[in-house]
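Go ahead and model the full structure; you've got the sequences and the hints to work with.
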Amino acid sequence: MGINEKIKLLTGNEAIARGAYEAGVKFASAYPGTPSTEILENIAKYRDIYCQWSVNEKVAMEAGSGASMAGARTLVAMKHVGLNVAADPFMTLAYTGVGAGLVIVSADDPHMHSSQNEQDNRFYAKFAKVPMLEPTDSQEALDLVKAAFNISEDFDTPVLLRTTTRISHSRSIVKIGQKTELPVKKYVKDSRKYVMIPSHARIRHQAMMERWEKLKEYCEDPGYYDIYIPPKSSKSFSAAGIGIITSGISYQYAREIFDGLPILKLKMTNPLPENTIREFARNKKLILVIEELDPFLEEQIKLILPGTAVAGKEYFPEYGELSLAHMKKVHSALFGIDFFAGQDEGNISLNSSSFTKTVSVAGISRKENAALENLKQLSIKKLSTDLPPRPPVLCAGCSHRSVFYILKKLKVAVMGDIGCYTLAVLPPLNYIDSTLCMGAGLGQALGMEKADPGLKNKVVSVIGDSTFFHSGITPLIDNVYNNALGLIIILDNGTTAMTGHQVNPGVGKTLMGDDAVQIKPEAIAKAAGIKHIRVVDPYNLKKLEKILREELARNELSLVVCRRVCALLQKKSDAETPTIDPLVCRQCGVCMKFGCPAIELRDGSYVINSSNCTNCEVCIDVCKHKAINAVKR
Amino acid sequence: MNKIDNNSINYNKVFKIVSENSESSLKKGEIISILFAGVGGQGIILGSAVLARAAINAGYDVKVSEVHGMSQRGGSVEGSVRFGKKVFSPTIDKADFIVALEKLEGLRYINQLEKCGFILINSYEIYPSSVSSKDVQYPVDIESRIKEITGNSLFINAVEIAKGFNQIKVSNIVMLGAFSNLLPFEDENWMDAIKESVPGKAIDLNIKAFLAGKNIIK
Ligand code: SF4
Ligand code: SF4
Chain H
1 MGINEKIKLL
11 TGNEAIARGA
21 YEAGVKFASA
31 YPGTPSTEIL
41 ENIAKYRDIY
51 CQWSVNEKVA
61 MEAGSGASMA
71 GARTLVAMKH
81 VGLNVAADPF
91 MTLAYTGVGA
101 GLVIVSADDP
111 HMHSSQNEQD
121 NRFYAKFAKV
131 PMLEPTDSQE
141 ALDLVKAAFN
151 ISEDFDTPVL
161 LRTTTRISHS
171 RSIVKIGQKT
181 ELPVKKYVKD
191 SRKYVMIPSH
201 ARIRHQAMME
211 RWEKLKEYCE
221 DPGYYDIYIP
231 PKSSKSFSAA
241 GIGIITSGIS
251 YQYAREIFDG
261 LPILKLKMTN
271 PLPENTIREF
281 ARNKKLILVI
291 EELDPFLEEQ
301 IKLILPGTAV
311 AGKEYFPEYG
321 ELSLAHMKKV
331 HSALFGIDFF
341 AGQDEGNISL
351 NSSSFTKTVS
361 VAGISRKENA
371 ALENLKQLSI
381 KKLSTDLPPR
391 PPVLCAGCSH
401 RSVFYILKKL
411 KVAVMGDIGC
421 YTLAVLPPLN
431 YIDSTLCMGA
441 GLGQALGMEK
451 ADPGLKNKVV
461 SVIGDSTFFH
471 SGITPLIDNV
481 YNNALGLIII
491 LDNGTTAMTG
501 HQVNPGVGKT
511 LMGDDAVQIK
521 PEAIAKAAGI
531 KHIRVVDPYN
541 LKKLEKILRE
551 ELARNELSLV
561 VCRRVCALLQ
571 KKSDAETPTI
581 DPLVCRQCGV
591 CMKFGCPAIE
601 LRDGSYVINS
611 SNCTNCEVCI
621 DVCKHKAINA
631 VKR
Chain V
1001 MNKIDNNSIN
1011 YNKVFKIVSE
1021 NSESSLKKGE
1031 IISILFAGVG
1041 GQGIILGSAV
1051 LARAAINAGY
1061 DVKVSEVHGM
1071 SQRGGSVEGS
1081 VRFGKKVFSP
1091 TIDKADFIVA
1101 LEKLEGLRYI
1111 NQLEKCGFIL
1121 INSYEIYPSS
1131 VSSKDVQYPV
1141 DIESRIKEIT
1151 GNSLFINAVE
1161 IAKGFNQIKV
1171 SNIVMLGAFS
1181 NLLPFEDENW
1191 MDAIKESVPG
1201 KAIDLNIKAF
1211 LAGKNIIK
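Residue numbers (the numbering used here), protein chains in the order written: chain H, 1 to 633; chain V, 1001 to 1218.
Keep in mind the hints are simulated off the structure, nothing from the lab.
Listed next, the in silico PhoX-like pairs over lysine-lysine satisfying Cα-Cα at most 20 Å (straight line): (1) H:411 with H:543; (2) V:1094 with H:382; (3) H:302 with H:216; (4) H:382 with V:1103; (5) V:1115 with H:376.
Over 12 Å on every C-beta distance to chain H, these chain V residues come out as not near it, computed from the model: (6) 1010; (7) 1013; (8) 1020; (9) 1025; (10) 1026; (11) 1027; (12) 1028; (13) 1123; (14) 1155; (15) 1201; (16) 1204; (17) 1211; (18) 1215; (19) 1217.
Quick reminder that beta carbons are idealized off the backbone N, C-alpha and C, glycines included.
Pasting the structure below:
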């Protein structure tokens, strides 16, 4: 092999898994969610760690807390919104503390690459008074996981390790180490610590405050920050008296572009090392705080440095991700060095904040050069914009498509959920009314029906199988209990598809590959007392329509399970690809509105692309003119 | 990097110049940034992993940025690889090279190409869902538009080559083979990278696909 065995190129998530292994973790749990999913998938490769997919993040956290009480080092992973689901146990775990080390990973998703919001979970650490570590690359991810376990045990607290998409899904070079062999701790009964009745909780809250004071001292440890001092070269702008404070992925952008300024990189961002920050800011005219999303660091640093100018969100947006391009713009605004001749500089506002007075803005602009370059860029823009967009779509042969196609035909309101099927909101189907959070649709449909009885028989809720187990069961019971009359549709494709096909309780397998009881959503519905339950193969368009019509018309609560395994997990059937007969085709375009990506409009005619088509044959019934034919064998 | 006169289409010479340019900028401590563009499911993650391993094997620091999640469902996707003496950001601003696994995506991302950067395009068309009525067409003149924007471009029929191996999936590796001509790595850096990145039984196929791409111009 070309490289040293100990040098690996790991994503942040793989490095976290490795760090957990090296820290001697014995228990790990999670619910899959981008960008956190691969942490558990990689932990599962270490055979000596017990790991599991839990049905949701709350259960994952609760199971994790039990494992920690029992004496096993434990890691629990989730995406940012998953911590909302797990917030209840999380907030009180901060009171009880831990048995063996407990580390919770929150993988945030600025810019919402694959999420419904871009909340800044750093506030959870502050909210719960839990120490938080933020790696800036994969090596630090590995190292900080190990450090987090030590903090957790030394201070008797859960520790939050916070990443973002660009940390979790970027690869960088990692030197791996040895696994620490730890003596097994024993469970110690301690009801004053673990039973949070008010009288105990009051004592634990005191303990938490004491711990917090100790952590405030501990976070000044030089292991939890780095200071970059630029070399004394001509590129150095340190004379300008500006220093940068940053953390996480923002550090990488800042370090690459602002290499002429001193940079304080914080690896622990809750609590903040006040003395270190004061020391760093000494003799500086301006502290520039570079962070994504909310001014989490900035607001605190402003309190720590009352006499110093502190800027941040004047220059960097409170939404989305930062980038090298952002850094270049701000660099240029501050120092007048033209990093980006010819690009539009419109977004930088050197507004009247106090600090512009203290920093001299040189403003050397190379106008002529820029003008030429502008012309060139304009022509590139002209040639490369106005292209047909390529949004994500339901796969060819995806069984969800039929369901939304029929619901659209039935003109009902669709209270949706989160999964691949959320893509049905995009053209050409455009057919979801609401997607709020996992499990929300069932409750929303209930609320609509109760608020406006006129909506009865006009609203349905739609939820996936994995999502149903995650948080669909309680609202299902709420529907039964409150005499709802609606229709609940479960899209059961036998997997957790969107996050990359993880198993779930409906599959009959665990994360570690063991057999498990296969739980059927309809069995749960039956046990809850729903009387009308039907199961249908959504590839059978006619039958699907008939059943949905019947159940929609019914004046009682009913449940339809649309069951067909995800197209990506099915073998392509050896039937031949259907064809569209150009002589019969009337060019009505209805098949395009069905939205299967294998149906294409090429040179003015509708054709089926055989390399993409899965031969599901659903489109045959979509065409009223019978132009689409199954090829007879 | 210098601009290359492409009219002569002596790609051997072009490759040599570009590769030498890359080498000298690396020596100066500069970072080389490569953008992969394509359609979700086309194998960008594997392509970038192999490239990144090759760069490590050649002795460089490397960072890779990948896309997982929703856009993987047939959407427009990008990924990036950056290498050099020391790399900070995993994501790029301007790309020294773009490797486009689909034609339209090549054009979509071309405004990220550095002034004197080079773009390789798989001349393969995947129709996006938006091309669904007479009003939205898949542009017919992508090649000429790209050539108008930059002479530093090369179209490769990677899918045809991959079909020769009965596996259109390996067209990403064919593209990488062609791209390898533009970088100053040793052959063994690449071979080791493939061995380190694909499962054992797929190594042979991937090496063949890589070499077919590499020898595209001879
Ligand atoms: S991955 Fe499966 S469930 Fe998701 S869109 Fe594709 S076929 Fe449908
Ligand atoms: S048979 Fe029709 S609906 Fe099914 S994948 Fe092929 S083109 Fe799409």
